[in-house]
Amino acid sequence: MSRRYDSRTTIFSPEGRLYQVEYAMEAISNAGASMGMLAKDGVVLVAEKKITSKLLDSKAVGVRKEKMYKLDDHIACSVAGITADANILINICRLAAQRYYFAYQEPIPVEQLVQSVCDTKQGYTQFGGQRPFGVSILYAGWDEHYGFQLYQSDPSGNYGGWKAAAIGAGHAAATNLLKTDYKDDITLAEAVPLLVRVLSKAMDTSLAVDKVEIATLSKDPATGKVIYKQYEAPEITPLIEAANADKAAAASS
Amino acid sequence: MSIFEYNGSAIVAMAGKNCVAVASDLRFGVQLQTITTDCPKVYPIHEKLYLGLSGLKTDAQTLHEKLVFRHNLYKLREERNMKPTTFGHLVSAVLYERRFGPYFCSPVIAGLEDDGTPYLCGMDSIGAMETAKDFMVAGTAPESLYGMCESMWKPDMDADTLFETVAQCLLSGVDRDALAGWGAVVHLITPDKVVSRTLKGRMD
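Same order as they appear, the protein sequences are chains A and B. Each residue of the first sequence is one higher than the one before, starting from 884 at the first, in our numbering. Each residue of the second sequence is one higher than the one before, starting from 487 at the first, in our numbering.
Only chain B is shown next, with the shape it has when bound in the complex (with noise of 0.2 angstroms):
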């Protein structure tokens, strides 16, 4: 088994008309034994951008961690959040200086840019960027996942469609793979606001 698929997870995000969801699956597994459900994948670094990491549960909190260090010196020094472009940037640099004994993680970064409009970009563990304005996906289900979002995405979609989507796409997509599941959480970010609801879906 791929030391990307030791601890299993699945994380969607998705554009829509001024703002973006990002959803996560709440399993933590060793291999294939089930440990707690209640562990999600996405981690805000601030009120209009979220992280999300897939791939090895040690690399993602240590990840998350540095990412946080890095932020907060930011904040201090610019006396403002870092928009998401930036924060991207920095991710990608952070995973390539471990180019040689990476972090085993996949990111996937959602946020909205100060006016408003969605951001969202996915790199590799060597912070290979790529930036969409539709959606990402990440994590032991990747072709489901794909597939799923494929045919669901429509452009402009309001903030409750996207919703409903982007928790429709995940559930189904985790639902072939036993590494990912286990219910899901979606947050749901708009210029005004951060909703976040824990969804249940098949509980295996």
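Next up, chain A with everything else stripped away, as it sits in the complex (with noise of 0.2 angstroms):
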């Protein structure tokens, strides 16, 4: 009887659901996996790639990268969802974080930024007849006010601070992994590799150098400026190869 009211996307389930919204979420937990760690002196982003294949143009602007994202000197994003849902919010960030600017003349605190795209997305869950956006997005910034941030914000708009946070496909086990391993006073040294082996534990089939894609949001000593960085394949490479190694050391013992 209720499946006469999830057609509308707009309108509560006589149990008080928003089926689209839920919907969205289940097809977010079929794409490819997205995890995010706070750490003291960074924030690094893991993200598996679904959409592999040799005819992939490595070197096309734009689309060389599947889930990160530089949203501004200061944010970066992982996505998990429908890319191309992803691509209209990720500009959607974009343009809020440049119109803060405009107005203020100062970088978007990260929340800020997290919060007018939440209500964005919250819109389309009470008018307009269109449906939610199936995507969920991790947030990682850095600002004068609370320093380096995590955030993760889903299809019914709603968003969350997190030391430590996992999207997509896996990511109620890799929360698991997360909650026995992650320390309060971890650096983003060691942040990058146990983030790596999460995934990889997370993951059914072992870490490729073209399914990962790594980043990380750190200041530089020396000027203070934020620095994103994505890592490149010689870089990935160590890190899946010890995640790997020790996901296969697990399973024999």
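Mixed in with the good hints there might be a few duds.
[Unchecked claim] Simulated pairs of lysine-lysine, DSS-like, Cα-Cα distance not exceeding 30 angstroms:
no.	chain 1	residue 1	chain 2	residue 2
1	A	Lys932	A	Lys1046
2	A	Lys1108	B	Lys619
3	A	Lys1066	A	Lys1094
4	B	Lys561	A	Lys1112
5	B	Lys679	A	Lys1112
6	A	Lys1108	A	Lys937
7	B	Lys561	A	Lys942
8	A	Lys1102	A	Lys1112
9	A	Lys1102	A	Lys948
10	A	Lys1108	B	Lys569
11	B	Lys569	A	Lys948
12	A	Lys1112	B	Lys569
13	B	Lys640	B	Lys561
14	A	Lys948	A	Lys1130
15	B	Lys561	A	Lys923
16	A	Lys948	B	Lys561
17	A	Lys937	B	Lys552
18	B	Lys619	A	Lys937
19	A	Lys1112	A	Lys932
Just so you know, these hints were derived from the structure itself, not from any lab. All figures in this text were calculated on a predicted structure; none of them were measured in a lab.
Both chains are sitting in their own frames, so use the hints and assemble them into the complex.
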């Protein structure tokens, strides 16, 4: 009987659920995994690419990365879900950040950016008759008010600040692993290999260089500027080899 | 007094051999009252591209902020800086959008293309663009500046000669203008670095 209600996206079901939002979250749990971890001196984002093919032009601008995107000089994100929906939201984020900078001549505080995008996402669950965005996003950023931060948002427009978070396929398993492995005063140098290991354990297949994206947000000790770094293949390889070896050792013991 | 002469400014840009220099005066005034003497009119867009904006200061500030907005988005999408020619056309388009309520500014754009060739262009307040191989001037003392540049400019000057030439042209050009002067800042752009120098001229 409640089937009659979920043909309209912005309507409650008799049990008080928003089915379209829940279906969107279902779509995301089948998409490529994304994880993030907050460290004392930075934030690391790790993601599994779903689209891998020899025919992909790895040098084409704007499509070289499937999961990680820079939103402003001090904020980056990793997405999970419908890539086309993600592109729209990423553009919205970038515009919001620039509009804030234009008005106030200072970089947008991370939470304000997350809030403004989430307000947009929420609008699609309440009016317009359009379906929600099928994307969850992990935001990694630094601002002078709260330092390094990690946020997660989902199709409902809800968001939270996290020390470590996982979205996409295997996120429940990954979250459990993160709960046990995370330490409050972890450094970026320790967090990167740890997060790669968690990714490999949560995935059923073993990691390969062209299936993983890794990015970190940190501060240059000399200039104090925030640096967004996307790892290239030579830096990714040793990390996934270590993670795969770890996983094999754990499986055989 | 015209709205373009409300604040007062003087900008000179010149091309040398694989280098450009762009300079402006430092006076900020309201009609005949000088308010501060530390106000440059040349803004960096990226390492190899500088934008000089003469005219009404409030419009110059807003225009600059708008163009930074556009350039930041461009950088995120294209993953590279904007080429000077592209930027010139962007400024022209942004100005023409306000054809019937314009920004009271005359921009001067100076930069180096990817291969090191100098790029200079200037436009009026509604975006009519002209590129130049030698120099570009703007502000409240254009006649004096044109005169100085026309006599001093030579092709293929090296970085140090170019700096001297631009500095002298600007400092002498503003002497007969009450609304521009009080020192100068010169940016010398070469393929590997930008050197910025602040000069003291006649402080009147």
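Status of the hints after comparison with the structure:
Distance hint between A:Lys932 and A:Lys1046 is fulfilled; the C-alpha atoms sit about 23 angstroms from each other, no more than 30 angstroms. Restraint check for A:Lys1108 and B:Lys619: the C-alpha separation of about 37 angstroms exceeds 30 angstroms, so the hint is violated. Annotation: proposed proximity of A:Lys1066 to A:Lys1094 holds, straight-line Cα distance about 27 angstroms (limit 30 angstroms). The suggested pairing of B:Lys561 with A:Lys1112 holds, with an alpha-carbon distance near 15 angstroms, which does not exceed 30 angstroms.
Our distance criterion of 30 angstroms between C-alpha atoms is met by B:Lys679 and A:Lys1112, whose separation comes to about 24 angstroms. With a C-alpha separation of about 36 angstroms, the suggested pairing of A:Lys1108 with A:Lys937 is violated against the 30 angstroms cut-off. Straight-line distance between C-alpha atoms of B:Lys561 and A:Lys942 comes to about 16 angstroms, which keeps the hinted pair within the 30 angstroms bound. A distance of roughly 11 angstroms separates the Cα atoms of A:Lys1102 and A:Lys1112; the hinted pair therefore holds under the 30 angstroms criterion.
The straight-line distance between the Cα atoms of A:Lys1102 and A:Lys948 is roughly 22 angstroms, inside the 30 angstroms bound, and the hint therefore holds. Taken as a hint, the A:Lys1108 and B:Lys569 pair is honoured in the structure, with Cα atoms around 24 angstroms apart against an allowance of 30 angstroms. Our distance criterion of 30 angstroms between C-alpha atoms is met by B:Lys569 and A:Lys948, whose separation comes to about 24 angstroms. Distance check on the hinted pair: A:Lys1112 and B:Lys569 sit about 24 angstroms apart at the alpha-carbon level, within 30 angstroms; holds.
Distance restraint check for B:Lys640 and B:Lys561: the Cα-Cα separation of roughly 35 angstroms exceeds the 30 angstroms cut-off, and the hinted pair is therefore not satisfied. Among the hinted pairs, A:Lys948 with A:Lys1130 is consistent with the structure: their alpha-carbon atoms are about 26 angstroms apart, no more than 30 angstroms. Proposed proximity of B:Lys561 and A:Lys923 is supported: the alpha carbons are some 29 angstroms apart, at most 30 angstroms. Between A:Lys948 and B:Lys561 the CA atoms are separated by roughly 15 angstroms; this keeps the pair inside 30 angstroms, and the hint holds.
For a cut-off of 30 angstroms, the pair hint linking A:Lys937 to B:Lys552 is broken: about 41 angstroms separates their Cα positions. This hinted pair does not check out: B:Lys619 and A:Lys937 have alpha carbons roughly 46 angstroms apart, beyond 30 angstroms. This hinted pair checks out: A:Lys1112 and A:Lys932 have alpha carbons roughly 18 angstroms apart, not beyond 30 angstroms.
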